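S.K.: Residue-level listing of the chains:
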Amino acid sequence: MDINFTPQDEAFRAEVRAFIEENQPHHLKGVRRGEYRNKEDFLAWQRTLYKKGWLVPSWPAPYNQLKWTPTQKYIWGEECARAETPMILPFGVSMVGPVIYTFGTEEQKAKHIPGILSGDVWWCQGYSEPGAGSDLASLKTTAVRDGDDYIVNGQKTWTTLAQFADWIFVLARTDKNAKAQEGISFLLVDMKTPGITVKPIITMDGGHEVNEVWFDNVRVPVANRIHEENKGWTCAKFLLSHERAGIAGVARSKRAISRLKDMLAMEIIDGDKLIDDPDFEKKIAELEIDLTALEYTELRTLASEQAGKGPGLESSILKIKGTEIQQRITELVMEGVGYYALPYSDPLAHNEFAPGPAYAEGAVQNYANMRKTSIYGGSNEIQRNIIAKMVLGL
Amino acid sequence: MDFSFTEEQTLLRNSVQKFIQNAYDFETRRKVSKSDAGWRKEIYGQFAEMGLLGVAIPEDFGGLGGSAVDTMIIAEEFGRGLVIEPWLQNAVIAAGILKAAGSTAQKEELLASIAAGESIFAFAYAEPQGRYNLADLVTTAKKSGDGYVLNGHKAVVLGAPFADKLIVTARTSGGQRDADGVTIFVVDKGAKGVSTRDYPTVDGSRASEVTFENVSVGADAVIGEVGKGLATVELVADQAIAALASESTGAMKVLNDTTIEYAKTRKQFGTPIGKFQVLQHRMVDMFMNYEQSVSIAYMVTLKLEEEEAERKKAASAAKVQIGKAGRFIGQSAVQIHGGMGMTDELNVGHYFKRLTMIDTLFGNVDHHLKRYASLG
Numbered sequence: 295m296d297i298n299f300t301p302q303d304e305a306f307r308a309e310v311r312a313f314i315e316e317n318q319p320h321h322l323k324g325v326r327r328g329e330y331r332n333k334e335d336f337l338a339w340q341r342t343l344y345k346k347g348w349l350v351p352s353w354p355a356p357y358n359q360l361k362w363t364p365t366q367k368y369i370w371g372e373e374c375a376r377a378e379t380p381m382i383l384p385f386g387v388s389m390v391g392p393v394i395y396t397f398g399t400e401e402q403k404a405k406h407i408p409g410i411l412s413g414d415v416w417w418c419q420g421y422s423e424p425g426a427g428s429d430l431a432s433l434k435t436t437a438v439r440d441g442d443d444y445i446v447n448g449q450k451t452w453t454t455l456a457q458f459a460d461w462i463f464v465l466a467r468t469d470k471n472a473k474a475q476e477g478i479s480f481l482l483v484d485m486k487t488p489g490i491t492v493k494p495i496i497t498m499d500g501g502h503e504v505n506e507v508w509f510d511n512v513r514v515p516v517a518n519r520i521h522e523e524n525k526g527w528t529c530a531k532f533l534l535s536h537e538r539a540g541i542a543g544v545a546r547s548k549r550a551i552s553r554l555k556d557m558l559a560m561e562i563i564d565g566d567k568l569i570d571d572p573d574f575e576k577k578i579a580e581l582e583i584d585l586t587a588l589e590y591t592e593l594r595t596l597a598s599e600q601a602g603k604g605p606g607l608e609s610s611i612l613k614i615k616g617t618e619i620q621q622r623i624t625e626l627v628m629e630g631v632g633y634y635a636l637p638y639s640d641p642l643a644h645n646e647f648a649p650g651p652a653y654a655e656g657a658v659q660n661y662a663n664m665r666k667t668s669i670y671g672g673s674n675e676i677q678r679n680i681i682a683k684m685v686l687g688l
Numbered sequence: 005m006d007f008s009f010t011e012e013q014t015l016l017r018n019s020v021q022k023f024i025q026n027a028y029d030f031e032t033r034r035k036v037s038k039s040d041a042g043w044r045k046e047i048y049g050q051f052a053e054m055g056l057l058g059v060a061i062p063e064d065f066g067g068l069g070g071s072a073v074d075t076m077i078i079a080e081e082f083g084r085g086l087v088i089e090p091w092l093q094n095a096v097i098a099a100g101i102l103k104a105a106g107s108t109a110q111k112e113e114l115l116a117s118i119a120a121g122e123s124i125f126a127f128a129y130a131e132p133q134g135r136y137n138l139a140d141l142v143t144t145a146k147k148s149g150d151g152y153v154l155n156g157h158k159a160v161v162l163g164a165p166f167a168d169k170l171i172v173t174a175r176t177s178g179g180q181r182d183a184d185g186v187t188i189f190v191v192d193k194g195a196k197g198v199s200t201r202d203y204p205t206v207d208g209s210r211a212s213e214v215t216f217e218n219v220s221v222g223a224d225a226v227i228g229e230v231g232k233g234l235a236t237v238e239l240v241a242d243q244a245i246a247a248l249a250s251e252s253t254g255a256m257k258v259l260n261d262t263t264i265e266y267a268k269t270r271k272q273f274g275t276p277i278g279k280f281q282v283l284q285h286r287m288v289d290m291f292m293n294y295e296q297s298v299s300i301a302y303m304v305t306l307k308l309e310e311e312e313a314e315r316k317k318a319a320s321a322a323k324v325q326i327g328k329a330g331r332f333i334g335q336s337a338v339q340i341h342g343g344m345g346m347t348d349e350l351n352v353g354h355y356f357k358r359l360t361m362i363d364t365l366f367g368n369v370d371h372h373l374k375r376y377a378s379l380g
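Residue numbers (my numbering), protein chains in the order written: chain A, 295 to 688; chain B, 5 to 380.
If you're looking for bench data, these hints aren't it; they were derived computationally from the structure.
Examples of chain A residues lying across from chain B (beta carbon under 10 Å, computed):
1) Asp564
2) Gly632
3) Tyr670
Cut-off 27 Å, straight-line C-alpha distance, at most; resulting in silico cross-link-like pairs (DSS-like, lysine-lysine):
4) A/Lys405 with A/Lys361
5) A/Lys576 with B/Lys374
6) A/Lys683 with B/Lys271
7) B/Lys268 with A/Lys473
8) A/Lys434 with B/Lys268
9) B/Lys271 with A/Lys493
Quick caveat: nothing in here was measured; it's all calculated off a predicted structure. Think of the CB as a built atom: it goes at the ideal place given N, C-alpha and C, for glycine as much as any other residue.
Here chain A stands alone, though its shape is the one from the complex (with noise of 0.2 Å):
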């Protein structure tokens, strides 16, 4: 057993390092997507890494030419997330690219992986209905044959980010008598199609980030359809599964908690460092403990995958344990910044009055808006169930 990386590791992670500091956007260091003011600020960084070749380095040749190990990922992933750099937006790049790369024609390959990859063309992914949440499968939305069209009919919501997108990839019921994991195909739609509207929902914290896209008689060539026709749930099964590096979020943890330290040795409390005071020092070292369990567990994954030997049983735990992490670390930002966490500032509103130091700015919107993580990528009570029947054998 050895826990230390190895002298090649740390040459990769100086050389990595460098170049973000070098490259990356500055001006989104620890701003919150929802405060983003423009489709650039999303794609900026992409652009930059893409322009590198180091955009993908999971994915196989010949769109991707670096040899990356599972290791030196894992450090590209801490390095970006220690230097706060955008999160790069995974419909594309993490989602759909791999689908098609995975299960697309060649003609598919070729019209599609370029502008996933240069960010030209900006994806959305329609999965989830009002009726269809955790039990996807029971999805609604149609897609009857006509010539050589689908007709598409539906419904989908929680679409983030759908008002910026081009195109997306829907889940549609094709054969309406078939089981229901076995009458879906996988569709590429262009969101310029006529029949398709785009509906925001604001969330709780205000903020829009998520959509209803709706589709009335839209018209789908076959041609875009990724897979054979009702095999589409192999896809979807493919995607869960595929790229879930990351998904533990610790790098990201650990700089948030480096945030709600310094954020909590500003805060004074009867004349003394919040970050002194022995109830909050407690609260905050069981956090890193908690994390650093997390981060050892990762690195298991990472030692077995570097092994060839697959993710192994205990990577079921990372976005669970990872989403809790991620969320408590919000509640005792909130708690660290007393009254100041109660004004409300429109996250959309740049120069609008905010009162109170600026790391106090929108710490009940960023709780509120965080509930989403132990909902979403299949809901923490869904994970479980599946470590129990999938890892436990219950």
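Given the coordinates of chain A, assemble chain B onto it according to the supplied hints.
M.R.: Positioned in the frame of chain A, the structure of chain B alone reads:
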């Protein structure tokens, strides 16, 4: 041992409930919260007509002459309705301060005015550096002739945008955190040197940052004894905590009821999600947290007139209980509602935010655990 309500109290509850149902449905509340004004003055006027502002003001001074239990009943129903208008700041806090420490002249002049909804007060006590310490004051009141000159900055003054009068705590003597030297003043919001910057709060209401720059007030602006105001402030803070405890149970009940209803009707995997044992147990835990909070709201309300240490312990116990329960119930309601619980459109998020806000007012769980423990 009697926890029953009198017929009068039941009538009071029913009338407030009906009022909320008619005038304060959730969609209306949302609209009002987002409007420029942020409140409805005419609703506040109806509070006055119904006697709700003067509920605990003696009849001699224009009130209903009710008790803390009547206050508790109104608070709970207002919690159910997510009421924005500054009833707490006036019926409980301003009235409480005047009752405890006001001169007869001040009581005569101001209590009836509060009960009639004519003078609307906000309580400017917290400061940027003070966190939850009511005695941590750098706002000063320097003697000037017969009166005083106030200088300072009050933080997150709830309801100040709706108010025309302020009750202000300032230091007339002593060190920054000394118990001695705290004085309570009444100040017109429009007085020369008073400036406010209004903003919305996370629960959909409004607050201001209030600054005092050489604000002159007369000797008659002092409420109670100069330099001896802290005991009154602490008393009334505890009275406010009792009202908040009850308000929070109103909000908790709405969340619990809507969550159970949702779980019974929302179907996934061919069955209502309320059939899943994990969620059932979660809703049971929500229920237990609610009932414990109701119990503690009763306890603190009934202990408000005990001697200081016992009253403070009761208030701190209540604040801890509702802080923890409010967080658990709020988070659980959102979680069980799934994506819907995250929306601005559904009421769940709004109750979640109000419970979160209540946790911070007059000291959070950490603060009150410390205070409770220090009282032995």
